[in-house]
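The hints should help you fit chain B onto chain A, whose structure is shown.
One-letter residues, chain by chain:
There are 2 protein chains.
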Amino acid sequence: MVKERRILVAVDESEESMYALSWCLTNLLSLNTTTLLLLYVKPPPPAYSSLDATEYLFAGDAIASMEKYSRELANSVMSRAEEVYRDFNTSVKVEKKVGSGDAKEVICVAVEKLGADILVMGSHDYGFFKRALLGSVSDYCAKHVKCPLVVVKRPKNV
Amino acid sequence: MVKERRILVAVDESEESMYALSWCLTNLLSLNTTTLLLLYVKPPPPAYSSLDATEYLFAGDAIASMEKYSRELANSVMSRAEEVYRDFNTSVKVEKKVGSGDAKEVICVAVEKLGADILVMGSHDYGFFKRALLGSVSDYCAKHVKCPLVVVKRPKNV
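From first to last, the protein sequence lines stand for chains A and B. The numbering used here puts the first sequence at residues 817 to 974. The numbering used here puts the second sequence at residues 817 to 974.
In isolation and in its complexed conformation, chain A is listed as follows (with noise of 0.2 Å):
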């Protein structure tokens, strides 16, 4: 029964995602052969091509400073999960992916390659329009993984 695995939780800059991974620290990690798979999904790049069209042109500083932000941006993330996770005086064996493209599509497939047994992500509670023009990461890594989800909401309160 006690074998390996391996929890990917899926981290943001948002407070919903690090409340993920405390709730994941309590409630999954009884065990010490844990291993935290910790992924941040930066966003693409913008489609240069298609501000061409509209003759309107990225300079080369403009899109420097911009990778330069989802660079330190990623870092940020980072180290405030490593913030929680030290708080929690574990000594669980910590891996730090990021990825960059569309969240939905890199968190499934780096379930598949890092050979996760549990994906751990939360729960963004958008309003209605905004859901119905991003879609939900979770509905779509609920329908594309096959390894359990959770789906992890933060209380109103805390």
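Don't read these hints as lab results, they were simulated from the structure. None of these values were measured; they are calculated from a predicted model. Fair warning: there could be bad hints in the mix.
If several chains are the same, the list does not tell them apart, and a pair holds so long as it fits within one copy or across any two.
[To be verified] The list that follows gives simulated cross-link-like pairs (lysine-lysine, DSBU-like), each with its CA atoms no further than 30 Å apart:
| id | residue 1 | residue 2 |
| --- | --- | --- |
| 1 | Lys959 | Lys884 |
| 2 | Lys858 | Lys884 |
| 3 | Lys912 | Lys962 |
| 4 | Lys913 | Lys969 |
| 5 | Lys929 | Lys972 |
| 6 | Lys972 | Lys884 |
| 7 | Lys969 | Lys912 |
| 8 | Lys884 | Lys962 |
| 9 | Lys909 | Lys929 |
| 10 | Lys972 | Lys959 |
| 11 | Lys929 | Lys969 |
| 12 | Lys959 | Lys858 |
| 13 | Lys929 | Lys913 |
| 14 | Lys929 | Lys959 |
| 15 | Lys884 | Lys929 |
| 16 | Lys858 | Lys909 |
| 17 | Lys884 | Lys912 |
This is chain B only, laid out in the frame that chain A set:
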């Protein structure tokens, strides 16, 4: 950290839900302070009034036999669940509940009323048409319950 946890597992006649129960016993029951709430939701009784409209009436004994069938189905699901957790040799506290109505709505109300901390359910791999017709119970619950939701997929090879 060690407070009582109440885990609600939605069970039905599917193998998927029994797999979800056994996954839950393996992965979530490391603490002895867990109460397992097994919930089975009976489908709502047929809408007699709409059948009246087509001048078709159920005889009293037909209704009685449908109710008997539904009761027997509930009992058989619960015995199957009992077998699953007996196999785990766990001394976990179990409470069995049977509801009636639209499964997704009854499950969400039960989570609230029974004070569940975690909701666990199997994932049925319905095809496109059945999903479009029925909607997905887990999608609905992900949107409506306030506690973490675990959607357990049954691996193809089990």
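Consistency of the hints with the structure:
| no. | hint | verdict |
| --- | --- | --- |
| 1 | Lys959 - Lys884 | neither (34 Å within a copy, 35 Å between copies) |
| 2 | Lys858 - Lys884 | within (12 Å within a copy, 55 Å between copies) |
| 3 | Lys912 - Lys962 | both (21 Å within a copy, 29 Å between copies) |
| 4 | Lys913 - Lys969 | both (23 Å within a copy, 24 Å between copies) |
| 5 | Lys929 - Lys972 | between (34 Å within a copy, 18 Å between copies) |
| 6 | Lys972 - Lys884 | neither (34 Å within a copy, 43 Å between copies) |
| 7 | Lys969 - Lys912 | both (23 Å within a copy, 25 Å between copies) |
| 8 | Lys884 - Lys962 | neither (34 Å within a copy, 37 Å between copies) |
| 9 | Lys909 - Lys929 | within (18 Å within a copy, 38 Å between copies) |
| 10 | Lys972 - Lys959 | both (27 Å within a copy, 14 Å between copies) |
| 11 | Lys929 - Lys969 | both (26 Å within a copy, 18 Å between copies) |
| 12 | Lys959 - Lys858 | both (22 Å within a copy, 25 Å between copies) |
| 13 | Lys929 - Lys913 | within (12 Å within a copy, 39 Å between copies) |
| 14 | Lys929 - Lys959 | both (17 Å within a copy, 28 Å between copies) |
| 15 | Lys884 - Lys929 | within (27 Å within a copy, 49 Å between copies) |
| 16 | Lys858 - Lys909 | within (23 Å within a copy, 44 Å between copies) |
| 17 | Lys884 - Lys912 | within (19 Å within a copy, 55 Å between copies) |
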